[in-house]
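Engineer: Protein chains in written order, with our numbering: chain A, -14 to 182; chain B, -14 to 182.
Rather than coming from a laboratory, the hints here were simulated on the basis of the structure.
Hints should not be assumed to be uniformly reliable.
Because identical chains share one entry, a pair is satisfied inside a single copy or across any pair of copies.
What the hints assert, rightly or not - In the DMTMM-like style, the derived pairs of lysine to aspartate or glutamate whose C-alpha atoms are separated by at most 25 angstroms in a straight line are:
#, residue 1, residue 2
1, K7, D36
2, K(-11), D21
3, K79, E(-1)
4, K15, D166
5, K(-10), D49
6, K35, D21
7, K35, E(-1)
Protein chains: 2
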Amino acid sequence: MYPKKFEALIRMFETLPGVGAKTAQRYAFKMLESTDEEIDSYVEAIRGIKDIAKCGRCGFLKDDEGCVFCKDKSRDQSVIMVVGYPQDAIAVEKTGSYHGQYHILNGVISATKGVYPEDIGIESLLKRINETVKEVIIATSATMDGEMTALYLDKVLKEKGVYVTRLAHGLPMGSSLDYADELTLIKAFNNRTKIEQ
Amino acid sequence: MYPKKFEALIRMFETLPGVGAKTAQRYAFKMLESTDEEIDSYVEAIRGIKDIAKCGRCGFLKDDEGCVFCKDKSRDQSVIMVVGYPQDAIAVEKTGSYHGQYHILNGVISATKGVYPEDIGIESLLKRINETVKEVIIATSATMDGEMTALYLDKVLKEKGVYVTRLAHGLPMGSSLDYADELTLIKAFNNRTKIEQ
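The shape of chain A in the complex, shown without the other chains (with noise of 0.2 angstroms):
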């Protein structure tokens, strides 16, 4: 019975995850508080998201700027994080503490939801293994899915003859990545071990 204006602008916070009937109405009249400047700007960040698309070589997102990370070029070469999501490089970078390369899987290996290894970004990672890199720290979220995926890449990397650590010490099992605090990440980061199987 809303104006059909104001129903689609209910319909589209219906999309968003958890987001129900009461919860995108009470959104909607929030926005509708706004001036004709915010409204412009969020016509430009919904438009944007045209513009935002994985990195080729990394897999964190970027826009027509390019990716964050590989191209600045004061990162150190020689150490590639990886981890599963790019939540969860923005909260290593938040601790302050990395300031080398990373690469995003955008997924785990995961026997349940059926993601196998060629279904996330491993083979991209192979490929950026070469000299010039000296340590792959491997920094999966810990749950079952995450470990799996950490096993499985230390296991394809040694092929590969190059040194392997995986964030340790300081994630509490169970709990993801994306939600530790900063504290926590910086001695997962420091105490970083070998994977031993």
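Use these hints to put chain B onto chain A, whose structure you have.
Structural biologist: What follows is chain B alone, placed relative to chain A:
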């Protein structure tokens, strides 16, 4: 550290009520999965906000196609239901029990929040009272402020000589109209009573 265009998306979601950095990020990642067509429809939805305004007659939302309630000539002109917010009118509509006019105050009188009668759509309501109007149903929420508003409306409407009723039994005190289940609303509508004071 995200690309600028992705940050813009996160910033947009952070303006929504109850949405923090983590949730905004989650919403932005979900929206990133949109097709080009979906993005276009979202851009249209956001742009459409500029065409949404309050109906000068009843206070409901209208877009460039006019007010859905006021333009509907099949609706009973002899009865006006007064509600606090647009959501409340929608909640009543969903019961399917009412097919009269609405008047949306867009607020309720509140001593604590400093909202006075002149701050909400009471004057425009009084202007609508003429010989055609046989009944005004006060349907403000069963909260302190809603009750205060109902008592005030009852007084000024009776001075105009119109028959005034109030949604009554069924609405649990302290709850918001917007969240009442439909059966409770129908009960409250059927058992409406004259205000005794």
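Engineer: Within a copy, between copies, both or neither: where do K7 and D36 come within 25 angstroms Cα-Cα?
Structural biologist: This pair counts as between: shortest inter-copy Cα distance 22 angstroms, intra-copy 31 angstroms.
Engineer: As a check of your reading, is K35 near D21 (CA-CA no more than 25 angstroms) within one copy, between copies, both or neither?
Structural biologist: Both. Shortest intra-copy (22 angstroms) and inter-copy (7 angstroms) distances satisfy the 25 angstroms Cα cut-off.
Engineer: When Cα atoms must be at most 25 angstroms apart, do K79 and E(-1) count as within-copy, between-copy, both, or neither?
Structural biologist: The answer is between: 19 angstroms across copies meets 25 angstroms, while 31 angstroms in one copy does not.
Engineer: Quick one: K15 to D166, C-alpha cut-off 25 angstroms, is that within a copy, between copies, both, or neither?
Structural biologist: Between. Shortest inter-copy distance 24 angstroms satisfies the 25 angstroms Cα cut-off; intra-copy 31 angstroms does not.
Engineer: Indicate which option fits the pair K35, E(-1) if close means a Cα-Cα distance not exceeding 25 angstroms: within, between, both or neither.
Structural biologist: Intra 20 angstroms, inter 20 angstroms, cutoff 25 angstroms: intra and inter.
Engineer: Given identical chains, is K(-10) near D49, meaning Cα to Cα at most 25 angstroms, within a copy, between copies, both, or neither?
Structural biologist: between (31 angstroms within a copy, 9 angstroms between copies)
Engineer: When no copy is named, should K(-11) and D21 be tagged within, between, both, or neither for a Cα gap of at most 25 angstroms?
Structural biologist: both (19 angstroms within a copy, 21 angstroms between copies)
Violated hints are absent here; each numbered hint is respected by the structure.
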